[in-house]
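Kindly produce the complete structure, drawing on both the sequences and the hints.
Numbered per the UniProt record's numbering, the sequence shown spans residues 1 to 520.
Calculated directly from the structure, the hints in this document are not laboratory data.
As the structure is a computational prediction, the values presented were derived from the model and not from experiment.
Have a look at the derived ranges for each label pair, beta carbon to beta carbon:
| # | residue 1 | residue 2 | range |
| --- | --- | --- | --- |
| 1 | Arg-320 | Gly-397 | 32 to 40 angstroms |
| 2 | Gly-398 | Leu-249 | 52 to 60 angstroms |
| 3 | Gly-130 | Val-199 | 20 to 28 angstroms |
| 4 | Gly-398 | Pro-321 | 28 to 36 angstroms |
Ideal Cβ positions, reconstructed from N, Cα and C, are used throughout, including at glycine.
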Amino acid sequence: MFSLHELARRCATSLLVALGGVIGLGCLPELPGHSAGAGPGDTAPEPGPGVTLHPEASTQAAPPVLRVHLQVPSRAEVDVERALLFEGELGPAHLRQITRGQLSKALSKRIVPALVWMEEPTTDEPVSEGRLLVLAPTVELQPGGTYTFASALPEAVQVIHVTPTTMPTLSRLWPPAGQASTASFGVWCGLSPLPELEVAVHLDPEGPPGNLLRGAAAGLGESCVRFQPAAGHEDAGDGPFLGPPDLLLDEGLQLALSPRPFTMDTAPSPYTATECDGELVPFGPGCALVEDDRVLVQSPDAPLFWAVAGEGHDLVAPRRPGEPLILAPLQPDASIHFDIVVLDTAGRAERSHFRGTTLAPMAHVVITEVLANPIGAEPSQEWVELYNDGLVAADLGGYVLEDVGGRTVLPEASLPPGTFALVVNASFQEDDGLDPPPAPGTILLRVPKLGKNGLSNGGEPLRLSNASGRVVSRTPALAPPRAGMSLARTAARAPDGLADSFTTDWPSPGRGHIMKKAIP
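Here is the structure:
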């Protein structure tokens, strides 16, 4: 590791410089892109002292969630605002900009968001190398990416290569970004249940002490870890603070914790439980529709984090105001019991219980895909895909599909469980050579007219009602980016009204939606 002045001087003589004995740096003019690194045949010596990583790792094989530590002599002057992490490598012109504190727009765009602070020795005795400058990125770094740590005061520079890791990363799910009413509570969640844990930590820099505990709340959300502040430290300031970058469990498993900062964004505000009427019954502060193999829950008009356990489920679900969640599958014709905890944006928990009885097996017909803008002739080649996600066959006689201003009554037909049907115009050609044809065996429901004047290319909401007039499925007004692409539900049980329930992709009529490729 060299100082910025020394590194720039060596580059000025067109020498290849080893940054901290780790990586070569070419002497290139200032460019918005990344400078060249060491050649494939170069052998990198061991890193020099000064810069280390936490969790402990080589700068040649750094994890995506990390902290950069720079040892600082006890009497050295430090400017934490001029310690930065950049995407890519840096050339000598970049280093001069950092030294002078005058960064170009191109270089500024490469700054990785981070918190920087000093950690002083904990003893009164003078320790020559006991001070640490800590730089903690507040985003996960890109595996396979190259980054450069640079400090102007004290002068230091180090290239860091990030490699893919098998270490699981828990995502910060709560409070939601930009809506937190506390900087002293947070929940991370993963995909697998975790063992019981209680680890004493404190949030940095100068944040509250507390514990990392299993669960979004006690006994619920076992795939999650929460930071619970110690008594008396619930109001520890507005932040920003960071949790630890990693967590070592008793079994030797190491987890990375997503580095989104703890911040106080809004003042705490109470929420009101939803009033339930008709078939809906209270479920925590929300309302639930109990069906045969599922319970549909409508969240109140406030951002809330749901943790629900029971009947073989341990669900965690952050929800925007009014968004739904679904508990499935359940046993039909059975008594059910759920433990419920709801967290608000201040981390305050409301615990309740729910008991009920599921209904007899029934059909569940949902709109799963819509092709409103085919490559082929319009409106002839437009279609709406239906799927029976229920346990018994659906009699489609009397079902009505509606767009803005138009009603399409479906013909008599039986839709067995787990099968698809396409609602199409009478002139629909199964294989016009332009759009994907329906899968073999797909039921075609031919109607005189689909929609008011065909389906809108600009996107319009659709809804499907059963013979009794009850709306059983909806799709949003989301327009695909180009002709020949469809609007698709991400899963048959993805609930209406949830932003993540729909996407646009290439059509797959009668086959079930599969994310095949990114949309350019």
